[in-house]
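Student: From first to last, the protein sequence lines stand for chains G and P.
This note's numbering puts the first residue of the first sequence at 1, with every later residue one more than the last.
This note's numbering puts the first residue of the second sequence at 280, with every later residue one more than the last.
Rather than coming from a laboratory, the hints here were simulated on the basis of the structure.
Don't take every hint at face value.
Unchecked claim - Simulated pairs of lysine to aspartate or glutamate, DMTMM-like, Cα-Cα distance not exceeding 25 Å: (1) P/K544 <-> G/E210; (2) P/K544 <-> P/E396; (3) G/K59 <-> G/D129; (4) P/K443 <-> P/D456; (5) P/K332 <-> P/D403; (6) P/K368 <-> G/E161; (7) P/K368 <-> P/E453; (8) P/K443 <-> P/E453; (9) P/K368 <-> G/E157; (10) G/K59 <-> G/E126; (11) P/K544 <-> P/E453; (12) P/K368 <-> G/D162; (13) G/K59 <-> G/D7; (14) P/K544 <-> G/E206; (15) P/K332 <-> P/E396; (16) P/K544 <-> G/D162; (17) G/K59 <-> G/E206.
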Amino acid sequence: MLDTLSDLYWTYQNVIHGVAVNGILALSVYVVLSIGQLALGQAAFMGIGAYFGAIATTKLGLPFPVAILASILTPAAVALAIGAPTLRLTGVYLAISMLGLGEISRLLLLNWDYAGGALGLSGIPERGDVYLLYGVLIVLIIAFIFVGRSRLGRAMEAMREDETAAGVMGVNIPRYKLAALVVSAMLAGLAGCLSAHLSSFIGPNEYGFEEATTILSFALLGGIGTPLGPVAGATILTLLPEVLRFLADYRLMINGAIIVIAILFMPRGLLSWRMKRTV
Amino acid sequence: MLQQQLVNGVVLGATYALFALGFTMMFGVLGVINLTYGVYFALGAFAALWASKAIGLSVWLALPVGAIVAGCIAVIVDTLLLTRLRRAKAPELSSLMVTIGATLFLYTGLSVIYGTEVRRFAPDFAPSAAFEIAGVRIVATQALIVVAALLMAGALIWIVRGTKVGLAVRGVAENPDAAALMGVNGALVTHLVSFMSGALGGAAGVLIGLNFNAIQPFMGENMMLRGFAVIIIGGLGDLRGALIAGFLLGIIEVLTAGYFASAAKDLVAFALLVLTLWVRPVGLFGRAAAKRA
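Next up, chain G with everything else stripped away, as it sits in the complex (with noise of 0.2 Å):
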């Protein structure tokens, strides 16, 4: 039995790092989602993590957890200086300098020399393991339904449903916004740094639009009334292209359908659940 959970686990070990990455990854998203904004900057975000704490552990020799510190920091203070003059306008600015950012982060580290410019970053030490990659996405699971219980959580549910309203009752957005960016920031660079220590390889050109794209697609499939819709999306998005192996070339169009069929017949996604609130 134990032989066989093991053999299972080596065949399917990037599936199931893959589940626990998208799913922080899908959280990260739901952030911004669950208080109405569209941020589409998760996938650069994540970019920026993996190169950073790349960085730190394979070109400076630092420990671990000062590479998954920076890898939390740096996207952090990105998305305040990008979050700060953008998020007292209209989401549409948002949204905007957010896919901007996503495609200027693959031209500079294409151009960046020093992180193997085209060429990516390779020989990344494998750090970490998959208790750790399930015991942060549990913990982060458990801490935003905490979050989504309390005064916090019908406050942001407050600003998706009616921003002015929200506001007029006492919820103060701009502040709201920001750290809500942030935190996404953080929890994809979070993600990003602990992949690129799981596949020794990183390169400019996976955390593009395409990436940013289907990290969306995680929470619009699952939904984001709670925090485990878009972890269950995450986790059949990232299972379907094992299962349908056969659409090869045509899985992102499948992903881009989703998107479409989601919005348009299912706005709230496969897991319609609502948080359940004492306070």
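Starting from the structure of chain G, add chain P where the hints point.
Tutor: Relative to chain G, chain P alone:
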């Protein structure tokens, strides 16, 4: 040398301006940041390429073919994706997300059909004669690009500002419900605006294809970054702003590449975008809009 750089900048800027005009009009009238716009850009170039190779059309006929094909596809995509959301008066972010999904779908589809290798126009497709004015070398293709872009931009601004159709378009942009009550056929205006925007995007694709002589499915993705920058610098929905910001961006990019570093060229658009958001989010000529519930 500076004059030569300026000429190159104006040529590049003309294509940016044309691209951004359609993009910003789509937002201004239909209220949607339609990301599939980058696909029309690539489709226009592919259609013109096909017209020139398969039918042997000259550049003056292939350009309108590219524009019309892109325009028609824009109408189809808009109708399929956004009619339902428009009827439900869904928030603008839902519409944006639908177009994101569709963009991923269409890009992947295009690259599955056409492959990702770079295609080129035949060498004799566009006039390649060069002439010199006051020490500045201008290739006929460059002149063609600027003239075509200015003609189309002028036609668009004339239609929107000076005709009865344009009045209806501006009415829908201002307030779709009020426009409908005044007897404007909203659905028709929506189709018309989608067509015009898609056609401008497609035409910009043909012109960029001519300028760099490289056509591939993802060419729109790089262009979208410039598009975002130009429509924000010019002010969302502002045609005049987009026209001027487009030329400005082209000129600044070329000057940066010439006098600073060619790698920095790609950073200009994003740097200007973030700068605009910090200091003047309403754009070059914009006025702050009142926020309504």
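Student: Hints the structure violates: just list their numbers, smallest first.
Tutor: Hints 11, 13 and 16 are the ones this structure does not satisfy, whereas the remaining hints hold.
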